[in-house]
Amino acid sequence: MKKILLQNASVVSSRGVTKKDVVCNSGLFGGKILQVVKAGSVKNFKGKILDCSREGIFLLPGLIDAHVHFREPGLTQKGDFATESRAALTGGITTVFDMPNTKPPTTTAKAFKKKLKLAKKKCLCDFKLFMAIVIDANGVDNLKEIKRVYKSKMLSKYLAGVKVYMAHSTGNLGPRNRIGGKKVESVFEPLERVLADKEIHDLPVTVHAEDPICIAQNISKFNPLKPATWSQARPKECAVLAVREACHLAKKYERKIHIAHISTREEALVVAKFKPLVTCEVSPHHLFFNTSMYGRFGKFLMVSPPVRSRSEVRDLWKTLYSGMIDVIASDHSPHTYKEKNTEMGMSGMPDIQTVLPMFLNEISKENFGLKDLVRMYCENPARIFGLKDRGFIQEGMKADLVIVDLKMKGMVWKESILYKCGWSNYAEKSLRGWPVEVIKNGIVIPHV
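Anchor point for the sequence shown: position 21 equals 21 in this note's numbering, and the numbering is continuous, going up by one each time.
A hint or two may mislead.
[To be verified] Cross-link-like lysine-lysine pairs, in silico, DSSO-like; alpha carbons within 30 Å at most:
id : residue 1 : residue 2
1  : Lys153    : Lys103
2  : Lys299    : Lys273
3  : Lys388    : Lys371
[Stated by the list, open to error] The calculated label-pair distances, taken between Cβ atoms and stated as ranges, are:
id : residue 1 : residue 2 : range
4  : Val444    : Asp136    : 44 to 52 Å
5  : Glu428    : Glu55     : 40 to 48 Å
6  : Glu199    : Lys409    : 48 to 56 Å
These are calculated hints, taken from the structure and not from any lab test.
In this text, a Cβ means the ideal position worked out from N, Cα and C, and glycines have one as well.
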C-alpha cells in the first residue's frame with residue numbers, strides 16, 4: 001500500500017494550529033487520511049515522506065470552492081472542465097461546485113447528464129453541479145426535472161443544489177416579467193417555488209440576490225464608454241433589497257438558503273438577522289478591487305454584482321474579520337479577451353488560481369488568520385453543502401491536502417496563468433504566501 005507521511009506538519013483548523021504527523025494512502029487504496037497523531041510519533045515509516053517542519057509551512061485541507069463557472073458545455077471558448085480544474089488544483093482547490101448558466105443551461109435531467117458526462121471525463125478535481133430553477137412563459141417550472149436528478153441514486157451524489165437567479169444571467173435564467181400572458185406579481189416567484197417544495201426540502205439552495213426591478217430602474221446609467229458606470233447601474237440597494245426578500249422567504253418556509261457573492265456590509269447585516277437559516281459567501285474580486293480601479297482595468301473589472309467603492313470594500317473587509325461571512329467562493333467566471341472588450345462588455349472575471357495566494361498574502365501581513373481561511377474555504381462549505389468526507393484534516397477524511405508556505409514570495413506571471421481565456425486581473429502582482437504542494441486523493445499533484 002502506497003502511503004504518504006506529512007511529518008511535523010502544522011495542521012490548521014478553525015480552532016487553530018497543532019503540530020501533527022499525518023499519514024494518508026493513495027487513491028488506488030482509498031485516498032483517505034489514515035492517521036493524525038502527535039508530531040514525531042510515527043516511526044519506521046515505509047512510504048513517501050514530506051517534511052513539513054520548516055518555519056512558515058502549514059498544512060490545510062483541500063479547499064472547497066462552492067461557486068465556479070467552468071463554462072462547459074457550450075461556452076468552451078471561455079474555459080472548460082479540463083483547463084479550469086487544472087488552474088483550480090494549482091491554486092489548492094480540490095473540490096468545486098459548477099454553476100448552471102451554460103449553453104444549454106442545466107435545467108433538465110438530460111442537460112445534467114450531459115454535463116456530468118463531460119465533467120467525469122475532463123475535470124481533474126472533485127466536483128458537484130448546480131441545477132437552475134426556471135419558469136417558462138406558460139408558468140410551468142422545471143422542478144420535476146430537478147427532482148428526477150435529486151431522486152436518482154446515480155445522479156444525486158453529483159447534485160450540488162438549486163441555483164436561483166433573481167436577476168438575469170447567461171442562459172435566460174432570470175425571472176420573467178410575464179407568465180401565461182399575465183404580469184408577474186413577484187419577481188421572487190422562482191425562489192418561492194423552490195422553498196415551498198417539501199420534496200426537496202434538504203437540497204441546498206444558492207441565491208444570486210439582486211433585485212431585477214431595482215436594476216431596471218438604474219441600468220440606463222451604464223455607459224459602455226465608461227465602465228465605472230457599471231457599478232452605478234447595479235447599485236448596492238439592488239443587492240440589499242433582494243437579500244432581504246430572500247431571507248424573509250427562507251424564514252417563511254423555514255428553509256435554509258445560501259446567498260452568493262455578497263458585495264456590501266449591509267447585505268451581511270441582513271443575513272446575520274436570519275442565521276443559522278441563511279448563510280452567505282464573499283468573492284475575492286469584491287475584496288481586492290474597488291471602483292477607483294476601473295481606470296486601470298476598464299471592462300475587465302465588470303462583474304455582477306459589481307465592485308463597490310473603496311470605503312464600502314473597507315467595510316466589507318471589517319465584516320469578514322468579524323466572522324459574519326460564512327464562506328469564501330471564487331465565482332470564477334472566465335471570458336475571452338475579445339468578449340470582455342466588446343462594446344457592452346461581459347460580466348465576470350477568472351479568479352480560481354489566485355484566490356488562495358491572495359488570501360495568504362493578507363495572512364502574511366497579519367490582516368487575516370489561517371484558521372479563518374480554513375473555516376471559510378474548507379469547513380463551512382463542507383457543512384453547508386453536506387460534504388461529510390472533506391473539509392477537515394481528520395482520520396477517515398479524503399486525503400485532499402494543501403501545503404502552503406507563508407514566507408514564499410512570488411509574482412503572478414502572465415505565463416503561469418492556466419485559464420483558457422489567458423488573462424487575469426491579478427497578473428504581475430507580487431504576493432507573499434503560496435501553495436507549494438497539492439495532494440489529491442493521497443497523490444501529490446505534479447507541478448504544472
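Tested hints:
Straight-line distance between C-alpha atoms of Lys153 and Lys103 comes to about 25 Å, which keeps the hinted pair within the 30 Å bound. Distance hint between Lys299 and Lys273 is unfulfilled; the C-alpha atoms sit about 35 Å from each other, more than 30 Å. Only pairs whose Cα atoms come within 30 Å are accepted, and Lys388 paired with Lys371 is accepted, the gap being roughly 19 Å. The supplied range of 44 to 52 Å is met by Val444 and Asp136, whose beta-carbon atoms lie about 49 Å from each other.
Evaluation of the 40 to 48 Å hint for Glu428 and Glu55 yields a failure: the beta carbon distance comes to about 28 Å. Taking the beta carbon of each, Glu199 and Lys409 are about 53 Å apart, inside 48 to 56 Å as hinted.
The earlier numbered hints that this structure contradicts are 2 and 5.
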